[in-house]
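Student: Chain residues, written in single-letter form:
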Amino acid sequence: MKNRTVRTAVLGAACAALLSSAACGSGFDDDKAAAPAQQSGGPAHLQILIGSSGDAETTAVKDAAAAWAKKSGSTATVTPAQDLAQQLGQAFAGDNPPDVFYVDASRFADYASVGALEPYADKLSGASDFYPSLRTTFTYDGTFYCAPKDFSTLALVINDDLWAKAGLGEGDVPTTWDQLTAVSEKLKAEGVTPLAIADTRDRVGAFLVQAGGWITSPDGKQATADSPENLKALQYVQSLLKDKLAQFPSQLDAGWGGEAFGKGKAAMTVEGNWIKGALKADFPDVKYSVHELPAGPKGKGTLSFTNCWGISAKSKYKQQAIDFVEAMTTVDQQMTFARAFGVMPSRQSAKDVYTKEFPADGPFVNGADYAQGPVNAPKMDSVLADFDTGIQKLASSDPKALLERVQKNTQAALG
Amino acid sequence: MADTAPAPAPVSPRAARPGPRLSAAVRENIAGWLFVAPVVVILGLFLLLPILMAMWVSLTDWNGQGSPFRSGVPFVGLDNYTRLFTEDGLARQDFMTSVRNNFYYVAIVVPAQTVLALGLAVIVNNRMLKGKTFFRAAFFFPSVTSSVAISVVFLFIFANSGAVTSLLKLFGIDGPQWFSDSRGVLHLLLGGLGLVDPADPPAALTSGGPFGLSWWEWLSGPSVAMCTIIMLVVWTTSGTFMLMFLAALQDIPVTLEEAGMLDGAGRWQQFRHITLPLLKPTLFLVLTLGLIATWQVFDQVYVMSQGNPAKTTLTPAFLSYQTAFRSFEYGSGTAISFVLFAIIVVLALLQRWIMRDRDPARRTRRS
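Keeping their order, the protein sequence lines are chains A and B.
Numbering follows the UniProt record's numbering, with no gaps: position 83 of the first sequence is 83.
Numbering follows the UniProt record's numbering, with no gaps: position 216 of the second sequence is 216.
No wet-lab data here; the hints were simulated from the structure.
Among the hints, a few may not be true.
To be verified - Calculated lysine-lysine pairs in the DSS-like style (CA-CA distance at most 27 Å, straight line):
#  : chain 1 : residue 1 : chain 2 : residue 2
1  : B       : Lys-169   : A       : Lys-265
2  : A       : Lys-287   : A       : Lys-351
3  : A       : Lys-165   : A       : Lys-287
4  : A       : Lys-244   : A       : Lys-400
5  : A       : Lys-188   : B       : Lys-169
6  : B       : Lys-169   : A       : Lys-393
7  : A       : Lys-165   : A       : Lys-316
8  : A       : Lys-298   : A       : Lys-408
9  : A       : Lys-123   : A       : Lys-71
10 : A       : Lys-408   : A       : Lys-123
11 : A       : Lys-62    : A       : Lys-316
12 : A       : Lys-379   : A       : Lys-356
13 : B       : Lys-169   : A       : Lys-242
14 : B       : Lys-280   : A       : Lys-244
15 : A       : Lys-244   : A       : Lys-265
16 : A       : Lys-221   : A       : Lys-351
17 : B       : Lys-280   : A       : Lys-263
18 : B       : Lys-280   : B       : Lys-132
Please take these sequences and the hints and turn them into a complete structure.
Tutor: Put into structure tokens, the structure is as follows:
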């Protein structure tokens, strides 16, 4: 009996500890935090979390932030994230998010829909100067939330040596699907894998756009996966895969298209402008040229990838943060970033300067005019991951069934 | 006789103390609890409390903004759990796929690593073996190496132009593309035997099945990619379990073996009727630890495949992580981990029941 009393007492103490820490847990998130006291003028202490592509980017952003801090009398601490999505998730959960952070376009709707982002973008000077396709990417429920940092598009990268070996010249660069099939057959006859394309919607999706389809409607409210256009696109990709005219990088022993391409295992690949830096670093001897993706039945189409400068809705220094983003997105600053780590400026007014300085990047920049951004709707991550799974099995499965599945899942996710 | 006069009753030291009297048992209890208090507090604060908090999260639709313990967080009851079992949707499909994958993984890894560990232990316990220390160290080595490092090495070994494929080529076998091959080995086996055509499975199997997956999908077996992870894990963990078996083997008195030998038992009979029964507690330990660890497999999947190809290496532990931290569906993610916990507890209890001591019954039957 006594034994039980003691046990009860200990349990009681444990419960008390539990309750008190639960209370602590709820102590720092009341309504005060929802509308933090704004400090709209004077020096600020900005925390900036970036998902850096490498040392070059980290250094460039740190330098730019230091220059801004010096000019404005504030401090700006730039932290490169190990895993941006996870670290941001933890910071939001802990109610202590950084003031400014990168937001990946594919996750943008997730953040915007839960109210984590401050919709500031229209307050920037020259907000209409950003490419329209990028503005759409960062628009949720009709509000343009955050300023695109820079962008990349997909293009067709061709290995010049393998190209010449198959007896192909400059005039043979494919501009339509039929031509793509034709040159691929020639390359295959030479014993070269014609095309390395990653097994994800981020590459195969370009064919959907070229056929005039996409997974969701432009406003992100309706599922449009199960359409004849998408079916045509997947059937075409399937025909390439079945005839081994296209292979996935993992089938070519590579982690991504650029690696397969750099190793000379494929004559063509569909990748973005990041491939320049990768080829320069890892495969400096490969001679290559970049071309716009071949057009499909409904014209040209490519995909764009971008990050925006997100400002936390819970930041204490929103005004200063906007000022910071303003400084980061000037044409001059964007050109500095472009030189440092090979991204393309998100402002249209920087296009001419950029193409003059990097003439070989014309096909990537031109893609901005007809590019489709990532699916702009919340809760789509697992649906799209499931679509990727279907694409991995595309060679041996029914495209129609795959699209029906994506349609069903998208409808469920969009609610 | 002054000597025989009764001595005064000994005064208990306790009686001399003022205040309420506690019996010895209670005081011992209090002392005991005081001694374990630090551990109880630490365990409660860092283990029990987070578990209870997670349990709360699994009952909500918390989106990861702010604390999950404020009033605005929507309480959804058991929705996150029912979605995993009764609602036809992506959540259930992913979860059931992960359970299927992990089931095949456990069904192969646990017996394989146990048999291998026991075999190795018997070998290195052999008194005749030369260089015993070397072999013990060699077999144990994979267990002390970081699982991430080993996973990366396996990625190279099983690459399409890696050591394994090249070795198979020497024998004229065109090996599979290990990490991009999502075909189930059971499917391949059935196809190889000519029973079923994997490209066109019978409608009876594809038309229906429990929990949103068709029978055909349930019967896929581990994928080729999963098999590489299975090989890796069997190889790394058998060393640890070998150590446990070895310790138990060395506890077995030599006299018993000698007695068996005198009675004319052969080597196999000795092993079967003397060694194995004495190893039963260790066997139980190894099986239980194996069962728990294999249901929780995470790091190999995280490093090697991230659930790919075609979700065939997706496991509940990894799916839970992915759902919570990638899709911000913390409720679903924690619900998955609690279901996983339940699966492990049920299976451990089942295993305990199967391996329960039946000896008394047998003895009565004999007498």
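Student: Taken at face value, is the distance from the CA of A/Lys-393 to the CA of B/Lys-169 at most 27 Å?
Tutor: 26 Å, holds
Student: Next pair to validate is B/Lys-280 with A/Lys-263; report whether the Cα-Cα distance is within 27 Å.
Tutor: Answer violated: B/Lys-280 to A/Lys-263 is near 55 Å, above 27 Å.
Student: Within 27 Å, alpha carbon to alpha carbon, are A/Lys-188 and B/Lys-169?
Tutor: 24 Å, holds
Student: Taken at face value, is the distance from the CA of A/Lys-265 to the CA of A/Lys-244 at most 27 Å?
Tutor: 13 Å, holds
Student: Does the alpha-carbon distance linking B/Lys-280 and A/Lys-244 stay inside the 27 Å limit?
Tutor: 55 Å, violated
Student: Would you check the hint for A/Lys-287 and A/Lys-351, treating anything up to 27 Å between C-alpha atoms as holding?
Tutor: Given that 27 Å is the threshold and the Cα spacing comes to 25 Å, the pair holds.
Student: Regarding the pair A/Lys-165 and A/Lys-287, is the alpha-carbon distance no greater than 27 Å?
Tutor: 13 Å, holds
Student: Straight-line Cα separation of A/Lys-165 and A/Lys-316 no greater than 27 Å?
Tutor: 61 Å, violated
Student: A/Lys-408 and A/Lys-123 were given as a pair; does the straight-line alpha-carbon distance stay at or below 27 Å?
Tutor: Violated, at about 38 Å.
Student: For the pair supplied as a hint, A/Lys-62 and A/Lys-316, is the alpha-carbon distance within the 27 Å limit?
Tutor: 21 Å, holds
Student: Holds or violated: A/Lys-298 with A/Lys-408, Cα cutoff 27 Å?
Tutor: 25 Å, holds
Student: For the pair supplied as a hint, B/Lys-280 and B/Lys-132, confirm whether the alpha-carbon distance does not exceed 27 Å.
Tutor: OK: B/Lys-280 and B/Lys-132 at ~24 Å, within 27 Å.
Hints 7, 10, 12, 14, 16, 17 from the list above are not met by this structure, while the remaining hints are.
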